Amino acid sequence: MTVDLTRTSGRTGGDPGRSGRAGGAGDAGKKRRRLLGAQPLGILFSAPYVIFIGVVFAYPIVFAVWMSFHDYFFTAPGAQVDRPFVGLDNYVTALSDPAVWRSFGNVGIFLLINVPLTVVLSIVLATALDRVVRARAFFRVAFYVPYVTASVAVVAVWLFLFSNSGLINNALGPLAPNPSWLVNSALAMPTIALFVTWKGLGFYILLYLAALQNVQRELYESVAVDGGGRLRQFFSVTVPGVRPATFLVVLLATITGANLFTEPYLLTNGGGPNGASTSPVLLIYQKGIEQQNPDVAAAIGVVLIIFVLIIAALQRRFVGREES
Amino acid sequence: MKSKVVTYGVLTLGALAFLFPFYYMVVGSLQTNPDTSIAGAFPHPSNLTLENYTAIDGRINLLKGLVNSGIFTGGVILGTIVFGVLAGYALAVLKWRGRSATFALVLLVQVIPFRRDTTDLAPSVRAERPAEALQRQRVTRSTTASTGWYRRFARAQR
Numbered sequence: 001m002t003v004d005l006t007r008t009s010g011r012t013g014g015d016p017g018r019s020g021r022a023g024g025a026g027d028a029g030k031k032r033r034r035l036l037g038a039q040p041l042g043i044l045f046s047a048p049y050v051i052f053i054g055v056v057f058a059y060p061i062v063f064a065v066w067m068s069f070h071d072y073f074f075t076a077p078g079a080q081v082d083r084p085f086v087g088l089d090n091y092v093t094a095l096s097d098p099a100v101w102r103s104f105g106n107v108g109i110f111l112l113i114n115v116p117l118t119v120v121l122s123i124v125l126a127t128a129l130d131r132v133v134r135a136r137a138f139f140r141v142a143f144y145v146p147y148v149t150a151s152v153a154v155v156a157v158w159l160f161l162f163s164n165s166g167l168i169n170n171a172l173g174p175l176a177p178n179p180s181w182l183v184n185s186a187l188a189m190p191t192i193a194l195f196v197t198w199k200g201l202g203f204y205i206l207l208y209l210a211a212l213q214n215v216q217r218e219l220y221e222s223v224a225v226d227g228g229g230r231l232r233q234f235f236s237v238t239v240p241g242v243r244p245a246t247f248l249v250v251l252l253a254t255i256t257g258a259n260l261f262t263e264p265y266l267l268t269n270g271g272g273p274n275g276a277s278t279s280p281v282l283l284i285y286q287k288g289i290e291q292q293n294p295d296v297a298a299a300i301g302v303v304l305i306i307f308v309l310i311i312a313a314l315q316r317r318f319v320g321r322e323e324s
Numbered sequence: 001m002k003s004k005v006v007t008y009g010v011l012t013l014g015a016l017a018f019l020f021p022f023y024y025m026v027v028g029s030l031q032t033n034p035d036t037s038i039a040g041a042f043p044h045p046s047n048l049t050l051e052n053y054t055a056i057d058g059r060i061n062l063l064k065g066l067v068n069s070g071i072f073t074g075g076v077i078l079g080t081i082v083f084g085v086l087a088g089y090a091l092a093v094l095k096w097r098g099r100s101a102t103f104a105l106v107l108l109v110q111v112i113p114f115r116r117d118t119t120d121l122a123p124s125v126r127a128e129r130p131a132e133a134l135q136r137q138r139v140t141r142s143t144t145a146s147t148g149w150y151r152r153f154a155r156a157q158r
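Keeping their order, the protein sequence lines are chains A and B.
The first sequence lines up with residues 1 to 324 when you count with the working numbering.
The second sequence lines up with residues 1 to 158 when you count with the working numbering.
Be aware that a few hints might be false.
Chain B regions said to be covered by chain A (calculated; three or more residues, Cβ under 8 Å) [to be verified]:
id : region
1  : 13 to 19
2  : 35 to 47
3  : 57 to 65
4  : 86 to 92
5  : 95 to 101
Partial list, computed: chain A residues near chain B (C-beta under 10 Å) [said to hold, decoys possible]:
id : residue
6  : A38
7  : S46
8  : P146
9  : L161
No lab work stands behind these hints: they were computed from the structure.
Since we're looking at a predicted model, the values are computed, not measured.
We treat Cβ as the ideally placed atom computed from N, Cα and C, and that holds for glycine.
With the hints as constraints, model all of the structure from the sequences given.
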C-alpha cells in the first residue's frame with residue numbers, strides 16, 4: 001500500500017493539487033476531482049467496509065423496521081406469500097402485552113443498579129490504579145481478566161457460587177435469602193446486574209485510566225497547597241477532570257445494558273423466575289425465534305432502539321453538557 | 001503513607017473479588033466431589049484429582065470445539081484487518097468524496113445498539129432447545145469449546 005501511495009504522489013510530481021493519473025488531462029481531471037475528490041483511491045479502499053456494513057448492519061435494520069409494519073411470518077425457503085401492510089398492529093400487540101412492559105421494567109432496574117455501580121467502582125479503582133507503582137501490571141490484569149473471558153465460561157462459576165447450597169449462601173448462613181438469589185424474583189435482576197458489572201468493569205477502568213492521563217498534575221498540587229487532602233483532590237480535580245470519560249462510560253454501560261441477553265439467558269435459564277429477569281432482547285428472541293412471531297419481535301426491537309436513543313439523548317444533556 | 005495503605009487495600013480487595021471466581025473455577029475443576037461449603041474453597045488433598053481433565057474429551061468433542069473457535073477467531077481477525085486497515089487508511093490519510101459521510105457511518109455503527117455477544121452464543125442458544133433433535137445435530141457441528149462445555153454443564157444442572 002505504501003508503495004502504491006508513493007507512486008501516486010510521485011506521478012503527481014510538483015503539483016500536489018492534481019490527482020495522480022489525470023495529471024495531463026486538464027479539464028477532464030478537474031471534473032473527476034470535483035466528483036470523486038483529490039484521491040479517489042480512498043473510495044476504493046473504504047468500499048469493502050461500507051459494503052460489509054451495508055450487508056450486516058444497514059440491511060437488517062431497514063428490514064426489521066419494514067417487518068414491524070407488515071404481517072410477517074417464516075415460510076419455507078422460496079415460497080411466495082402475501083405479507084400485507086398492517087400499520088401499527090404489531091406495535092399495538094407488543095405494547096398491550098404485560099410481559100413486554102415487565103421486560104422494560106426489568107432492564108430499568110438493571111440499569112439503575114449497573115450504571116451507577118459501574119461508574120463509581122471504575123472511577124475509584126482507576127484512580128487507585130493510577131497511583132500505585134508496585135504490582136501495577138498484576139492489578140491491571142486482575143481487573144481485565146473477567147472482561148476478556150467469555151460470559152459462557154464464567155457464568156457456571158457464578159451459578160455455583162450463588163446456587164441454593166452454594167458458597168455465598170454457606171458463608172451467609174442464616175442471612176442467606178430464601179428463595180436463593182437467582183430463583184428469587186426480587187433478587188434475580190440485581191444479581192445479574194452485579195455479574196455484568198463485575199464482568200465489564202475492566203473495560204471501563206481502562207477508559208478512566210486513559211482519561212486520568214489527561215488530568216493536569218498541577219491541579220492536584222494546587223489543591224494540596226490549599227490544604228486539601230486526597231478526598232478533596234478526588235472530588236475537586238479527578239471527578240471533574242474525567243467528565244468526558246464519565247459520559248462515555250455512562251453511555252456505553254447503558255447501551256450494553258439495554259441489550260442485555262446473554263446473562264439472563266444463562267444465569268436464570270431464560271428470564272426466570274416467572275419472567276422476573278426477562279430483558280427486552282431476550283423477549284425478542286423468544287417471541288421472534290421460539291414463538292415464530294418475527295413481526296411483533298421486530299416491533300419490540302424498534303421500540304427498544306427508540307428508548308435507548310431517548311435515554312442516550314437525555315444522558316448527553318445531563319452528564320455530557322459541560323464538554324459540549 | 002496512610003493513603004498508600006488505603007490505595008493498596010482498595011486495589012487488593014478489588015483484585016480478590018475479581019480473581020476469586022477464577023480461582024474457584026480452578027479449585028472446583030480439581031475436586032473429586034463438588035464441595036460447596038466454605039472449606040471447599042480451600043483444596044483438601046484427599047479430594048483432589050486430575051480425572052476431570054482427562055474426562056474432558058470423552059464428554060465433549062474438545063478438538064472440534066477448539067478448531068471451531070479457531071476458525072471463528074481467524075475469520076474475525078481477517079475481517080477486522082482487511083476492512084479496518086483499508087478503511088482506516090483511507091479515512092485517516094486520503095482525501096476523497098464521501099470521506100466525512102463514511103466517518104459518520106463508522107460512528108453511527110458504534111452508537112446504535114446491536115448485539116455482539118449473541119453471535120458467540122448463537123450455537124449454544126440453538127442447542128439449548130431439546131425438542132429439535134435434528135437441529136441439535138446440525139448445531140454440534142458449530143459448537144465452540146466454551147459453548148460446548150456450558151451445554152454439558154447446563155444439562156447436568158437440571
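Against the structure, the hints:
1. 13 to 19: holds (count 5)
2. 35 to 47: holds (count 5)
3. 57 to 65: That given contact is violated, which follows from only 0 residues of the region 57 to 65 of chain B lying within Cβ reach (below 8 Å) of chain A.
4. 86 to 92: holds (count 5)
5. 95 to 101: Check passed, 5 qualifying residues.
6. A38: holds (4 Å)
7. S46: holds (4 Å)
8. P146: Result: holds, 6 Å to nearest chain B Cβ.
9. L161: Where the cut-off is 10 Å and the nearest Cβ of chain B is about 7 Å from L161(A), the hint holds.
Hint 3 from the earlier list is the only one contradicted by this structure; the remaining hints agree with it.
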